[in-house]
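Engineer: The lines below spell out each chain.
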Amino acid sequence: MFLFVLRRLMGGLPTLLLVTVLVFTLTRVLPGDPARLLLGEEATPELVAQIREELGLNRPILVQYADWLWGLVRGDLGRSIRGNELVAPIIWQKLPTTLELSLFSLLVAIAIGIPAGVLAALRRNTAIDASVTVMALSGISIPNFFLGILLIYAFSIRLAWIPPSGYVEPWVDLQKNLLLMLMPAITLGTALAGAIARFTRNSMLEVLSQDYVRTARAKGLEGRVVVYKHALRNAAIPVVTVIGLQLGGLLGGAVVTEQVFSIPGFGRLLVDSVFNRDFPVLQAVVLISALAVFLINVLTDLLYAAIDPRIRYH
Amino acid sequence: MSNRTLRAFFANRLALAGMVMLLLLVLGAIFAPILVPYSPTSTDFSALQQPPSSQHWFGTDQLGRDIFSRVLYGARVSLAAGLISVLLALLLGGLIGLVAGFYGGWIDDVLMRLTDAMLAFPFLVLAIALAAVLGPSLQNTMLAIGVVTTPVFARLIRGQVLTERPREYVQAAVALGGSDGRIITRHLLPNILGPLIVQVSLSTATAVLAEATLSFLGLGVQPPTPSWGSMLNDARGYLSQAPYMALFPGLAIFLAVLAFNLIGDGLRDALDPRMKK
Chain A
1 MFLFVLRRLM
11 GGLPTLLLVT
21 VLVFTLTRVL
31 PGDPARLLLG
41 EEATPELVAQ
51 IREELGLNRP
61 ILVQYADWLW
71 GLVRGDLGRS
81 IRGNELVAPI
91 IWQKLPTTLE
101 LSLFSLLVAI
111 AIGIPAGVLA
121 ALRRNTAIDA
131 SVTVMALSGI
141 SIPNFFLGIL
151 LIYAFSIRLA
161 WIPPSGYVEP
171 WVDLQKNLLL
181 MLMPAITLGT
191 ALAGAIARFT
201 RNSMLEVLSQ
211 DYVRTARAKG
221 LEGRVVVYKH
231 ALRNAAIPVV
241 TVIGLQLGGL
251 LGGAVVTEQV
261 FSIPGFGRLL
271 VDSVFNRDFP
281 VLQAVVLISA
291 LAVFLINVLT
301 DLLYAAIDPR
311 IRYH
Chain B
1 MSNRTLRAFF
11 ANRLALAGMV
21 MLLLLVLGAI
31 FAPILVPYSP
41 TSTDFSALQQ
51 PPSSQHWFGT
61 DQLGRDIFSR
71 VLYGARVSLA
81 AGLISVLLAL
91 LLGGLIGLVA
101 GFYGGWIDDV
111 LMRLTDAMLA
121 FPFLVLAIAL
131 AAVLGPSLQN
141 TMLAIGVVTT
151 PVFARLIRGQ
161 VLTERPREYV
171 QAAVALGGSD
181 GRIITRHLLP
191 NILGPLIVQV
201 SLSTATAVLA
211 EATLSFLGLG
221 VQPPTPSWGS
231 MLNDARGYLS
241 QAPYMALFPG
251 LAIFLAVLAF
261 NLIGDGLRDA
271 LDPRMKK
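Going down the list, the protein sequences come from chains A and B. Residue numbering for the first sequence follows full-length UniProt numbering, starting at 1 and increasing by one per position. Residue numbering for the second sequence follows full-length UniProt numbering, starting at 1 and increasing by one per position.
With the rest of the complex left out, here is chain A (with noise of 0.2 Å):
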């Protein structure tokens, strides 16, 4: 088990390394001078200089990529531009807060998204089935900033019951931090539980199937304990694999609804960096949102043999 996390974090690194390489292109070659950008179009070309002098620019580009790989190494993530802060401790910061936020909208897509797959599937080609499906559908194509406005003009302005925006820390007021959660949650888990729920159908009609369903049924088993005992936790490998994938979406949604219900965490950053044109933020940002996909592709592979007892790693 030890060996095989450690043979699968060893596996990534040449896609890690080129990860670095691309974030590292992304800010440093494409067009646009990171010591322009950051002054702005009327700056004195001297200024720029001196600037690009600061910042090390001037350097070949390789010992630069070569400079910054190493700091990453020893978790130095460079300095803000805005404000000359560390990068490193602000991302930490940061971080918690979005943690918590895609932790309740992983919640509430599993909370909805499996019981209502399972409803599809054991109601086939019914009325129930196809509005699970609309509906699973219609939770994937709302864009997420829309879902949260609907949701701030229903319970904020017309019905007062849950403020519009804010974020307060769950050790502050834990009750307060619930309730400003709830919105966010909802805005960013609808497209994860639309996706969960037509995983789940799919994967319990092929499982239903299935000759051992037949023979549990047949050997006189209650229907409530095939499905969910017997169906259910076999139909959950593809479903865990889908939520593994679409949690770095839960990434990218982060960062709109952040916007949308003005919390300050790491989608926020990002959002804030590019407008501070900070790029060791946005560099940042960027790296830290491909590591984390990378560390949940591991954990959903530790899950499956959590769930699927043939699955054993060595």
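Note that these hints are calculated values from the structure, not bench results. Since this is a predicted model, take the numbers as computed values, not measurements. We put the CB at the ideal spot given by N, CA and C, even for glycine. Incorrect hints may appear among the rest.
Partial list, computed: chain B residues near chain A (C-beta under 8 Å) [said to hold, decoys possible]:
1. Leu-23
2. Ala-205
3. Ala-212
4. Gly-250
5. Phe-254
Covered, in the sense of this in silico footprint (three residues per stretch, anywhere, with C-beta under 8 Å from a C-beta of chain A), are these stretches of chain B [to be verified]:
6. 98 to 109
7. 151 to 157
8. 237 to 246
Counterexamples of contact, computed for chain B against chain A with all Cβ distances above 10 Å [unchecked claim]:
9. Ala-29
10. Leu-48
11. Leu-114
12. Pro-122
13. Pro-224
Following the hints, put chain B in place on chain A, whose structure we already have.
Structural biologist: Chain B alone, transformed into the frame defined by chain A:
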């Protein structure tokens, strides 16, 4: 596509609904200049934020611009962005996938490592970063979305080529001395068209959504050009007094994305003989 596939597609009511929605949208976009009652960019300070009425079907915005006209013109931006970025991804990804799958070896290794690395990023995060670096404009939005979508097509086409390549008809064409170009365009491409069309439809849905998101964040089409995403962003500030400002552009994005998803789903079911109901 065979007749059977087309019949199966048109027998699917949801897919048909998607086709109708898309058709209306395309017609609206093409004939927008004839259909709109007002210019989408002309302001009218005597008619600020008027609710929907017989004069202004969808109401007016904070500058007195007619929202119906802006939504129709926004369809042009949205559809163009969706289709052109996917076309770009199809061409780039197609080239990468064909070369990787057809030649294999180290070329395959290098190209697939590269697509792996690109797929390691969350789609939207990479699109935002690219659009930010390139600068906000419609062209750059399309470029960013297209590039981020490219690995999806590269993977799909490579996989298809790998399954088709060892088949007898390809081997026969090779044995008969057909050139690589001829084998790829005349034999391989027609046989991998089905899954490709499905992916084009689903990716267009994602691309339309991504364009709207980028404009919502202020990284896409710049004012005064109407785009659904930026209209929604404007509307956020006036939600309590003018909710219709958000409703119509939001619905437009939702229906456009839904249409492409419905069509993609319908095509996939029609092409997959196992999905028969």
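Engineer: If you take the shortest Cβ to Cβ gap from B/Leu-23 to chain A, is it below 8 Å?
Structural biologist: B/Leu-23 check fails; min Cβ-Cβ to chain A is 17 Å, beyond 8 Å.
Engineer: So is B/Ala-29 really clear of chain A, every C-beta pair being over 10 Å apart?
Structural biologist: holds (18 Å)
Engineer: A cut-off of 10 Å on Cβ-Cβ distance, and B/Pro-224 was said to be off the interface with chain A. Does that hold?
Structural biologist: holds (20 Å)
Engineer: Does B/Leu-114 really sit off the interface, with its C-beta more than 10 Å from all C-beta atoms of chain A?
Structural biologist: Given that some Cβ of chain A is not farther than 10 Å from that of B/Leu-114, nearest at about 7 Å, it is violated.
Engineer: Holds or violated: the region 151 to 157 of chain B covered by chain A, criterion of 3 or more residues with Cβ-Cβ distance under 8 Å?
Structural biologist: violated (count 0)
Engineer: Regarding the hint that B/Gly-250 lies at the interface with chain A, is the smallest CB-CB distance below 8 Å?
Structural biologist: Since chain A brings a Cβ to about 4 Å from B/Gly-250, closer than 8 Å, the hint holds.
Engineer: Taking the closest Cβ pair, is B/Ala-212 under 8 Å from chain A?
Structural biologist: With a minimum Cβ separation of about 6 Å from chain A (threshold 8 Å), the hint on B/Ala-212 holds.
Engineer: Report holds if the minimum CB distance from B/Leu-48 to chain A is greater than 10 Å, and violated otherwise.
Structural biologist: holds (20 Å)
Engineer: Measuring from the C-beta of B/Phe-254 to each C-beta in chain A, is the shortest one below 8 Å?
Structural biologist: holds (5 Å)
Engineer: Apply the coverage criterion to the region 98 to 109 of chain B and chain A: a residue qualifies when its Cβ sits closer than 8 Å to a Cβ of the chain, and three qualifying residues are needed.
Structural biologist: violated (count 0)
Engineer: Under 8 Å between beta-carbons, do enough residues of the region 237 to 246 of chain B, three at least, approach chain A for the coverage claim to hold?
Structural biologist: With 4 residues closer than 8 Å to chain A, the region 237 to 246 of chain B meets the three-residue bar; holds.
Engineer: Does the claim that B/Pro-122 lies outside the interface with chain A hold up, using a Cβ gap greater than 10 Å?
Structural biologist: Non-interface label fails for B/Pro-122: nearest chain A Cβ at 4 Å, not farther than 10 Å.
Hint violations for this structure: numbers 1, 6, 7, 11, 12, all remaining hints satisfied.
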